[in-house]
Amino acid sequence: MKVLHCSWIPEITDAFIQQGDFWVWVEDETESSHSASHRHPRCLAKSDLIDLFESTLGLTVSAYERRFNFANQNLALPTANNAPLFSPEFEHGADNLVTTAVLKTWEVDAYRQTRPINQLADLRFLALCHGHDHRLAADFQFWFHLTQSVKKLILRDRYIPALIYKQMEYEQYELYAGWEIVSESLDKLVLETELFMPEGCAVAGEQIYNKTSLIRHCSEVLIHRTITQSTSGNKLDRRIRDTFLENARQEIQARSPWKIDEGIHLYFDWLKWRKRLNDQKSQAGFTLLFQLQESQNDFDPWRLEILVAPKEDPSLQLSLSNYWTLDTSSQSNLASLCGPTFMQNLLLALGQAARIYGPLWLGLDQPQPTGIDLTIEEAFHFLQRDAWVLEDAGFTVLIPAWWSPQGRRRAKIRLNTTGASNSGANRRNTMDLNSLISYKYEFAIGEEHLDEAEWVHLVESKAPLVRFRGRWLALDRDRMREMLDFWRTHQKNEIGMSLPELIRKSAEDPEFFEIDPVHALSSMLSKLRDHNQLEPTDNPAGLKAELREYQKRGLAWIAFLEQLGLNGCLADDMGLGKTIQVLARLIQERHNQKTVPPTLLVAPTSVIGNWKKEIERFAPKLKAFIHHGAIRLRDIKSFSASCQAYDVVITSYALARRDEKLLSHTHWHRIVLDEAQNIKNPTSAQTKAVLKLSATHRLALTGTPVENRLLDLWSIFNFLNPGYLGRQSQFRQRYELPIQRDNDPNRADILKRLIEPFVLRRIKTDPEIIRDLPEKMENHQFCNLSKEQASLYEAVVRDVESRIGNTDGVSRQGLILSTLTRLKQICNHPSQFLHDGSTFSSERSPKLERLCDMLNDVMEEGESALVFTQFAEIGGQLEKYLRVRMNCPVFYLHGAVPASKRESMIAEFQDLETGPSIFLLSLRAGGVGINLTKANHVFHFDRWWNPAVEDQATDRAFRIGQRRDVFVHKFITLGTLEEKIDRLIEEKKQVASMIVGNDESWLTKLDNETFKELIALNRFAVID
Amino acid sequence: MHKMAKTWWGRRFLEGVKPYTEQGRLTRGRQYLANNRILKWNVNGNEIHAVIRGKANPYHLAQETPIYDVRLEFLKIRDEDWNKALDLIGSRAGYISRLLFNEMPDELETPLAELGISLLPTYKEDMKSSCSCPDQDLPCKHIAALYFLLASKLDHDPFLLFELRGLGRSDLITRLKSSKLGAALASALDESNPAPEPASSFFTRPQVQDTLSGQISTRDFWRGKSKIPAFTDAPTSVSVPGILIRKGGDFPAFWPKDESFVEVMDDFYSEVRKGGKSSLK
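From first to last, the protein sequence lines stand for chains A and B. Our numbering numbers the first residue of the first sequence as 58 and each following residue consecutively. Our numbering numbers the first residue of the second sequence as 1281 and each following residue consecutively.
Excised from the complex, chain B in its bound form (with noise of 0.2 Å):
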C-alpha cells in the first residue's frame, strides 16, 4: 500500500507512522511528494528539515500559495546503545556484506530489538514533528509528504537512519573500525563521489586517422596481421539473465521503482534476447 517505499525498511518506517497519523493526510502527503511540492530538504543532525509548497486555502486566508517549515526531530539513541548496535552489526559478515551495497539487513531487526533496540523510531516521542502550517492536528498532511520523502531517501540510503538517530556520518567510521568487518564497512563508507566520466560523443567517434592521398600497399588494404578464424563459435546464451548486474545488488540508488530492479533487468534481457524485430531475428 506505501508505494512510496521499496525495501523493507522503508517501507517500515512508513509502517510506523501510521497508528498515529490519519489516513487522509497519509494519501495527501504521498501526492504532496508525487507532484513535487517539497522544494527542498536537508538534514542536519537529528533533524530533517523540508521546505513545502502549500495550497492555496481562502479559509485559511492564505490568497497566495503559503510555503510551509517542516521539521522532523528523532530521538537521539544512547551511546551505549550505539556501541552494542555496533557490536552486533561487526559480528556478523552478512550485515557488513549487506550495508556494503546500502542495503538495511533485515535479520538485524530481532536481534537489535532483543538488546532493547529499535533503530526504527517505534514510539511516538521516538520522532516529534513540526508544521509552519495553521492545521492545529498533527501531524499534518506536509509532515505526511516528508514521511514519504523521508522513506525512500532511507530506501537508498540506510545510514541516513544512523545520522538521525544521533550517529553521524564520522561518527559512524570511527567507530566501525574497531571491528574487524566493521572496519571494511568503514572504508567503504569514507569514498567520496566519483568524478564525472565526460564524453565527447555519445558511441564512440571513429577517429579519422588519415587522408586518402598518396600510396597504400594493396596487400594490407586487403588483409589484416592475422588470418581472419573461418568461424566463430556457435553464440549461446546463458542460464542465469543478468548474472552481471546481480552482482551490483538489487535497488540501486539510481533506481526510483518499488519492483526490483534485478526482475525487471531479467526480463528485459531475456526479451532482447529473443530478438522481437531486431537483428537477432
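Chain A with its partners taken away, still in its complex shape (with noise of 0.2 Å):
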C-alpha cells in the first residue's frame, strides 16, 4: 500500500512577494535499501514516483516535468526512535498508539504541481480507483478540499482587481496590481476549512505556520495563479493595455510596482470603488427584496415591487409603496430600523441593483420609487434569468409559487398504459414476466391532460406565460414541440416497452416522461421507490421464526418485485437478518404453488453451512442440499434430475465457475447470490460464469452500500437486470465518472432514481428500523472446518477415545478439560492447537475467514467492533492477522497491558475521530471499567461455554441500554463439539446458568458415553 500526500510549501523569503508550491510525495509501506540518514526511508524516489504516476495511475510526466518539478524538499515529520512515524493510513502500522512525538525533519522526492486545482482532483480519483492500494493522506484530503473550494471561488468570479499599497520609507509608497478575493469570501473559506485542518498541513518544509494565515496565502496564490496562467487572447490585451489590470495579469514572478504618476489618486479611487462594493452588505442595516406579482389577467402588466427588511427584523417586509405612504415619524421610525443613511444607502442599493437589472431604472425615475411595471415577456426574463443573477449579487427575490420547481406544472408527456385495467387478474396478466406493456402517449401539464389541438395551440401561442385553464404557467415551447414531434411519430407505434424500460424513461428523463398517476402502474411504481408503501406480509406459516415489521416489508418486496418479473438486491445492513427474509420467500411461495422448481444459491465457501444450518432452524420444510466437496455429483443428468427433489441448493462461487457447465444446464427457479459483492469484478472468470446461469428470479444479497463504488454496482445490475444500466463503457462515461471524478449532483440523483426501485437497504441506525429491534441482536455464525482441522480434530477425539477409560478422578477431569481446550483451539486455528509457528491464513480456518468477511462489511458500514477471544495466545495472532488484511485500527487488550495503555487504547478506540476500528479482548482481562460503546457488534471468535460469560462480558462493554443496536455474533463451527454444546445450552437456555454454574467444569460431570458423542466429529459439516 502507498500513501500519497501534498504539503503546501510557502518560499522562505522576506521579499513583498512570496509565494509557494504544491508538492507531492508518496509514503510507501516498507523501507528502501539504500537511504542516507537523513533521507525518510520509506519514501518513494523520484524514478519510482515518476512510475507510480505514469505506469500505476495512467498519467503522464512531462520531459519538462521531469527536469523542472522535481526536487527534494525537507519535511517535519512526526518521529519516534529516530525513524517518520507511518501516517496513521497505514491503520495496521505500529505507529497508532503512539499519542506523542518529535518532529523531525526528512528529506523526500516530491513533485511539484503546477496546475494543482485539475491534478489534485485527478489524483484523488485515480487513487480512489485503485482501491485499497493507494490511499489520500489526510494531508493530500485537506488540500485537495481547499483546492476545490478556490475553484469555486473562480467559477463564480468572486475576485476583484485590486492595487496593493506597500508603505516605504520616508513617507515613499509603491502599489502594485493584483487581485483580491471578495473578503467576504474569503472569510468564509478560511474559517470553513480551518476547522478541519489538520496540524500537519501547517507544518511546510521545516517551518510551523499559522493556519489561517497559510490558508491565505495558498488561496490567493492559487487565485493569483490561475488567472495569470488562464490569458490567451491578445484581444483583451489590448483592451487592459495601459491599465493596471494589464500589470495584475503578468506573471507573478515579473511583478513589479506599478508606476504611473497619478498612481494615488488612482489608488484612492479604487478603494472607494472597492468600498462601495462592499457597502451594501456590510454597512446597511437592511436587505433590499424584489417581489415579482402576477397579472390576475391575460391584459394587466406583471408588477416587481420593491420592498425592504430590517436586518434586525428580518421578517418585517415592507413594500415601498406603503414605505411612502407612512406620515413623516413612521417613516423616520422604520429609517432607523434599517440602520443609519437609511436614504443613501437605499438609493445606493437600488443604483447597484438597476445596474444589475436595468429596467429598474425606470422605477426610479421618480421622488418616490416602488417598483416597475412588466410585460408578459420581461416577467419571464425576470423568472428565468434576472431574479437569479440579482439573487446572486446578495437581493432576495420572491416569485410565484408556481415557478419553484415543486409549485411547477411541467408540460409532459405521459405514458398511460393500455390494455391494463386496474382491476387484478388483468393487471397481473400485464405485468407478468418478460410481458411487455402496451402504451400509449398523451400530452399533460401538471395534472391535466391535453388533447393535440389544445398543446399545438400552446406551442404557437407567442408568449412565454401563457394563462392555462385559470392559472399561469411556464411553457418551454422548443422542448414542447421536441415532444409534439415525438408523439407523432410514436402515437401509432403498438409496439411495447418492457417495465424495466419503463423504469428507465421516467427515471433518467421524468421532464419528458411521465407515468400516468392515476394508473395501477404508478402506483406501483411509486411502491418500488417508496418501500414503505407495501403492506407487510404475514409471517408465512411453517417458517420457524417471527419476522419483525421490517423484514416482512421486506419479504413483501421480493414477493412483488418477482410478481413483477424484476430483479432486485436485497441490501440490508449485516445483523437486520437477510438470510430469513430469503428463507420466508421460499416458504411462502410454496403456499400458493404445489410445485416450485429449485433455487440455486450461490455464496462464499465460509458460509454455506452456515446457511444449510439457518434452513434446518427455520425452515426445516424445505429441503436442501449442498452442492460441494469432492463426491459432489458431477454429471449433468443425474444432477439435474437430484436437484428436482430439492427446494434449495446451495453452492460456492468457486464452484459456480468450475461446474458451469452443470449448474447453467438447469433452468432455476430463482438464483441468489450471498455477499453479491463476490461479482464486483465484470471480467472476473467467477462473475462470467454466474451470468451464464438461467434462472425465472434472481436476487441478489450484499450488506455493503453499493452505492458508493459504481462498478460494483453495475456489475451486480448486470447480474439483475442486464442492460439497464447500459453497458459498462457508457455507464462509466454516463455515470461513474461524473459522479465520482466530478461530483456531478445531477448525474447521482438520475443513478439514485434509476436504482431505486431494484435495491432495498435499511440501516440499523434508522429511527424505523431500531423501533423493531431488540436492545441486543444475537445470532449464531456457523462455520465449516478446513480439512486439515478436520484430521488434527479427529486424530485428538482418537486419542481422548483411547484414553478416556483409563483414568478417573482428578486426571480424567483433567484430560477432559484440557481435551476441550485443545478441540476449541483446532477449530480456532491449526496453528494455534500446532504451537509450530505455522501461517495463521485463513485458508486454514473457515472461521478466520468468515471472521475477516463479516469484520470488512463492519468497516465498510462505517461501524467498530469488539471481538473476543479466551486465548491470549491467538489474540496476538489475530491482532497481527487483522492489521494487515482490515486497513483499519486494531486495538487488543489483553492481561500483560498496563492499566495507563489500556484507558489511552479505550480513548482512542471510542474517539469519533478515530473511524471504524477493531477492538480485540481477551475475555478474561476485559475487567472492570471498560466502557466501549462506540461498537456495536460484538463477535465471540470462540465460545466459553458458559453464557453467563459471554453475556457479562458483552454487557460490561455496553453498560446495558447505552446503545439499542448491538449485534452478537457467535462463531460455532460444525459438526463439533462447539454445535453440539451450543445445542445443549440452546435446549437448556433457562436452566443452564444454573447447571453450567460459571466455568466449563460441568462438562466434566457427564459420563464417558455421553463426552465421547459430544466431542466427536460429524465429517458431513466438513467442506473443502
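Treat the hints as calculated values from the structure; they're not laboratory data. As the structure is a prediction and not an experimental result, all values here were calculated from the model. Wrong hints could be hidden among the right ones.
Residues from chain B that face chain A, not an exhaustive set, calculated with beta carbons under 8 Å [to be verified]:
1) Leu1452
2) Thr1454
3) Ser1481
4) Phe1482
5) Asp1490
6) Leu1524
7) Tyr1549
Now the in silico label distances, taken between C-beta atoms and shown as ranges [to be verified]:
8) A:Thr822 with B:Leu1492: 40 to 46 Å
9) A:Trp445 with B:Asp1490: 45 to 51 Å
10) A:Arg96 with B:Gln1489: 41 to 47 Å
11) A:Glu241 with B:Ala1475: 19 to 25 Å
Note that CB positions come from ideal geometry on N, CA and C, so glycine has one too.
Please assemble the complex out of the two chains, which come individually in their own frames, going by the hints.
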C-alpha cells in the first residue's frame, strides 16, 4: 500500500511577493534499502514516483516536468525512535498508539503540481479507483478540498482587480497590481477549512505556520496563478493595455511595482470603488427585496415591487409603496430600524440593483420609487434569469410559487398503459414476467390532460407565460415541440415497452415522460420507489421464527418484484436478517404453488454451512442440499434429476465457476447470490460464470453499501437486469466519471432514481428500524472446518477415546478440560493448536475467513466491533493478522497491558475521529471499567461454554441500554463439539446458568459415552 | 471620434467646443494631452488653469521649450437656476442613484433644457478661453489640450462641472440637503479620501508560529478538529459574469479606457473560467 501526501510549501523569503507550491510525495509501506540517514526511509524515489504516476495511475509526466518539477523537499514529520512514524492511513502500522512524538526533518523526493486544482482532483480520483492500494493522506485530502473551494470562488467570479499599497520609508509608497478575493468569501473559506485542517498541513517544510495565514496565502497565490495562467487572448491584452489590469495579469514572478504618475489618486479611486462594492452588504441595516406579482388576467401588466426588510427584524418586510404613504414619524422610525443613512443606502442599493437589472432605472424615475411594471416577456425573463442574478448579487427575490421547482406544472408526455385495467387479474397478466407493456402517449400539463389541438395551440402561442385553465404557467416551447414531434412519430407505434425500460425512461428524463398518476402502473412504481408503501406480509406458516416488521416488508418487496418479473438487490445492513427474509420467501411461494422448482443459492464457501444450518433451524420443511466437495455430483443428467427433489441447492462461487456447465444446464426457479459483491469484478471468470446461469428470478444479497462503488453496482445490476444500466463503458461515461470524479449531483440523482426501485437497503441507525429491534440481536455464525482442522480434530478425538476409559478422578477431569481446550484451539486455527508458528492464514480456518469477511462488512458500514477470545495466544495472532488484512485501527487488550496504556487505547477507540475500528479483548482481560460503546458489533470468536460469562463480557462493554443496536455474533464450527454444546445450551437455556455454574467444569460431570458423543466429529459438516 | 472621453457628458462637452475650434488644433491638442504636455492644472471657482509645455518654434523666436498658461473661465449659472436644477435632481431617485456612483444621469439633460438650463457650455459665451502662446487665433492647440483634459476629468467627476458653473462643492452639499433624496447624495459627497491600507506583503504572509522543537500530539498532527468533508459540491459557474463588479457601476474612476469596464471584465472573467493553460484545465 502507498499513501499520497501533499504539502503547500511557501517560499522562504522576506521579499514583498512570497509565493509557494504544492508538492506531492508518496509514502511507501516498506523501507528502501539504501537511504542516507536524513532521508525518509519509506518515501518513493523520483524514478519510482514517476513510475507510479505513469504506469499505475496512467498519467503522463513530461520531460520538462521531469527536469524542473521534481525536487528534494525537507519535511518536518512526527518521529519516534529516529524514524518517521507511519501516517495513520497505514492503519495496521505499529504507530497507531504513539500519542506524542517530536518533529524531525526528513528529505523526500517531491513532485511540484503546477496546475494543482486539476492535478489534485485527478490524483484523488485515480487513487480512489485503485481501492486499497493507494490511499490519500489527510494532508492530501485537506489540500484537495481547499483547491476545490478555491476553484468554486474562481468559477463564481469572486475576485476583483486590486491595488496593493506598500508603505516604504520616508512616506514613500509603491503600488502593486493584483487580485483580491472578495473578503466575505475568503473569510468564510478560511473559517470553514481551518476547522478540519490537520496540524500537519500547517507544518510546511521545516516551519510551523499559523493555519489561517497559510490558508490565506495558499488561496491567494492559487487564484493569482490561475488568473495569470489563463490568459490566452491578445484581444483582451489590447483592451486592458495601460491599465493596472495589464500589470495584474502578468506572471507573478515578473510583477514589479506599478509606476504611474497619478498612482495615489488611482489608488484612492480604487479604494473607494471597492468600498462601494462592499457597502451594501456590510453597512446597510436592511435587505432589499424584489417581489414579482403576477397579473390577474391576460391584459394587465405584471409588477415587480421593491421591499425592504431590516436586518434586525427580517420578517418585517415593508414595500416601498407602503413606506412612502407612512407619516413622517413612522417613516423615520422605520428608517432608523434600517440603520444609519437609510435613504443614501437605499438609493445606493437601488442603483446597484439597477446596474444588474436595467429595467429598474425606469422605476427610479421619480422621487418615491416603488417598483416597475413588466410585460409578460419581461416577467418571463425576470423569472428565468434576472431573478437569479439579483439573488446572486445579494438581493432577495420573491417569486410566485408556481415557478418554484416544487410548484411548477410541467408539460410532459404521459405514458398511459392500455389494455391494462385496474382490476387485479388483468393487471397481473399484463405485468407478468417478460411481458411487454403496451401504452399510449398523451400530453399533460401538471395533472391535466390535453389533446393535440390544445397542445399545438400552446406551442404556437407567442407568449412565454400563459394562463392555462386559470393559472399561470411557463412553457418551454422548444421542448414542447420536441414532445409533439415525438408524439406524432410514436402515437401509432404499438410496440410495447418492458417494465425496466419504462422505469428507466421515467428515471432518466422525468421532465419528459411521466406515467399516468392515476394508473395502477404508477402506484406500482411509487411502491417500488418508496418501500414504506408496501404492506408487510404475514409471517409465512412454516417459518420457525417471527419476522420483524421491516422483514415482513422486505418479504413483500421480494414477492412484489418477482411478481413483476423484476430482479432486486436486498442490501440491508449486516445483522438485519437478510437470510431469514429469503427463507421466508422460499416458504411463502410454496404456499401458493404446489411444486416450485429449486432455487440455486451461491454463497462464499465460508457461509455455506451457515445457510444449511439456518434452513434446518428456521425452515426445516425446505429440502436443501449442498453441492460442494470432492464427492459432489458431476454428471449433468443425474445432477439435474436430483436437483428437482430439492427446494434449495447451495453452492459456492468457486464451484459456480468450476461446475459452470453443470449448473447452467438447469433452468433454476431462482438464483440467490449471497454476498453479491463477489461478482463486483465484471471481468473475472467467476462473474462471467454466474452470468451464464439461467433462472426465472434473480436476487442479490449484500451487506455493503453498493451505491458507493459504482462499478460494483453496475456489475451486480448486470446480473440482475442486464442492459438496464447500459454497457459498462457507457455507464462509466454517464455515471461513474461524472459522479465519482466530478461530483455531479444531477447525475447522482438520476442514478439514484434508476436504481431505487431495485435496491432495498435498510440501515440499522434508521429510527424506524431501531424501533423494531430488541436491545441486543444475537445470531450464530456457523462455519465449517477445513480438511486440516478436521484431521487434527479427529486425531485428538481418537487419542482421547483411547485414554478416557483408563482415567478417573482428577486426572479424568484434567483430561476432559484439556481436551476441550485442544479441540477449541483446533476449531480456531490449526496453528494455535500446533504451536508451531506456522502460517496464520484464513485458508486453514474458515472461521477466521468468515470473521474477516464480517469485519469487512462492519467497516464498510462505518461501524466498529469488539472481538472476544478466551485465548491470549490467538489474540496476539489475530491482532497481527487483522492489522494487515483490515486497513483500520486494531487494538488488543489482554492481561499484560498496563492500566495506563489500557486507558489510552480505550480513549483512542472511543474517539469518534478514530473512525471504524476493531477492539480485540481476551475474555478475562476485560476487567472492570471498560466502556466500549462505540462498537455495536460483538464477535465471540471462540465459545466459553458458559453463556453467563459471554453475556457479562458483552454487557460490560455496553452497560445495558447505552446502545440499542448491538449485534452479537457467536461463531460455531459445524460438526464439532461447539455445535453440540451450543445446542445443549440452547435447549436448556432457562436452566443453563444453574447447571453450568461459572466455568466449564460442568462438562466434566458427563459420563464417558456422553462425552465421546459430544466431541465426535460429524464428517458431513466438513467442507473442502 | 473623441477618444479622450468615454462618458456621454464628457463627449458632449467636446462636441460643444467643436463648432468653434479648428479641426487641426483639436487633433494637436489631443496629442498634447497624450504626450503629457500638461504639466499641472487646478480648478479655482469657475476657472480651470493649466500649465502646458509648448514646442520650440523658430518662427515665434522661441528657441527653448516655451511654457504657456492656459485658462478656461465658465459662465456661472444663476442662483435661481441652480435651485431649479437641484430641485429637479432631488425629485428623481434614479438621478441621485447615478450621481452616487459619480455618473451624470443622461435623462437629466432634457428636463433641464426645458427649464432653460444647460450644465454643459452650449454657447461660445458660456466658456471663455485664454492662452499665453503667441498664436492669435483662439482657441489654440493648448486650449484644445485643456478641453480634452477637462473632458476626461468630467468623466470621473461630474461634480466638477457644477463647480465650474458656479456651484462649489460645499455650496452644492448645503443645497442638496433641502430635499430628502438630495440629502442622501450630500452625505456621500461629504466623504473624504479613505486612508490607504498599507500591506506588508503582496500575498498574506504565512506567519511562522512555532519552532520544531518540543513534543507534538500525533493525532492533532494528522487530524483537524473535525472530519474533512468527503466531497465538495461540484463547482459551478454563474449565469451572468462579474455580478460583483457590476454593483460598482461602470467606468470606475481608476479605469482610464473608453471601453466599458464592465464589458472588459465580463470577458476577462469568462476567459479565466475557461481556464486556458491554468489549473482549471
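List of violated hint numbers, smallest to largest: Numbers 1, 2 and 10 - these are the hints that the structure violates, sorted from lowest upward.
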